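Just need the whole structure built from these sequences, with the hints factored in.
Listed in order, the protein sequences are those of chains L and X.
According to my numbering, the stretch in the first sequence is residues 1 to 185, in order.
According to my numbering, the stretch in the second sequence is residues 1001 to 1178, in order.
Keep in mind that a hint or two might mislead.
[Unchecked claim] Stretches of chain X that chain L covers, calculated by requiring three or more beta carbons in the stretch to come under 8 Å of a beta carbon on chain L:
(1) 1042-1051
(2) 1055-1065
(3) 1076-1083
(4) 1088-1096
[Stated by the list, open to error] Computed from the model, here is a short list of chain L residues facing chain X with C-beta under 10 Å:
(5) 91
(6) 109
(7) 113
No wet-lab data here; the hints were simulated from the structure.
Source: prediction; values computed, not measured.
Quick reminder that beta carbons are idealized off the backbone N, C-alpha and C, glycines included.
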Amino acid sequence: MSLSQSFEALVPRLETPRLVLRAPRATDFDAYAAYLASERARFTGGPMDRNLAWRAFGHVVGHWVLRGYGVFVIEDKATGEALGTTGPFFPEGWPEPEIAWTLWQGEGRGIATEAALAARTWAYEALGWTSAISLILDGNTRSEALAIRLGCIRESSVTHAQFGPAGIWRHPAADTQGAGMEAYA
Amino acid sequence: MSAVTLSATPVLTTERLVLRAPVAADWPAFLAFTRDDRSRFVRAAEMDDEKAWRGFGHVIGHWVLRGYGMFTITAKGDDRALGMAGPWFPAAWPEPEIGWSIWHAGAEGKGYAFEAASAVRDWAREALGWTRFVSYIDRENARSEALARRLGCTPDAAAPTPGTDDVRAWRHPEGGAA
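Encoded structure:
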């Protein structure tokens, strides 16, 4: 078994009606780098060149080894395309563990909501998280709308040294998540 | 859930060292190195702990993305991380390189970097089939240049460097494993 295969076997695979959430792969990098090179990435540390994008993607993979969890790649069941990432994320310097999401492409179809909900459920059930935040940079109104759909409340503000002013959005606690999941199931 | 590790990576053994895949437990040693002035030749100019974390994540992720990467250098019988060495090829690198760094000042001056770099170079040639590759070394990093010379490398003025003129490409001898 190759290293990438063994890594993939260690990372869970989640399914939703339209999506598969799976381990990041080298073949996802071009889509990731294209997103990060675009103006759409201005709320997630971009735009950045391919060299920096590679290092960022390396960290996306390595985070799984460092923390035992990380962000999944969101794959469209119908086309097999990689659409973005979502999952539990806690790099050095974060105020607390968060549920992160980024859509590289495929906006406007509820993909991010479907994916982030599955990722949050996994963090609560498999990792035992009882609470979670999402950090959303000020001005990222689409992501804020998604946070509201997920039941989050803007709890406080923070200014990140590198990324600037952001809101800390608090997710519904693990034990209150049931109602949202019914709508989803 | 079970731990996520780089489970299919080789372990190289030399006379005094064990070279193994990086693990989460190596992070404090890596962080200490990035905070130390000794790392000035191999890190970003404006380094902080968050960048160090992401950098170490990339060190690990590189293995999955490329199928090879930096081995953590340990002394036989002691699993503490002393540094790293290995084949290295991030996107935007002009060509593959063999990289090395000794994180711990107490591990300097013992020839560990030479021993480790020799072993990972042999492995890159045998297991990966590498024949032509360089090491990028800061022009002011005299110790690393001395090591490159010991490894038989010579400066290659014609070789492009990754985004900065602060480093020179040192060409390794071509050919199969020694």
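Non-conforming hints, listed in increasing numerical order
Violated hints: 3, 6, 7; rest satisfied.
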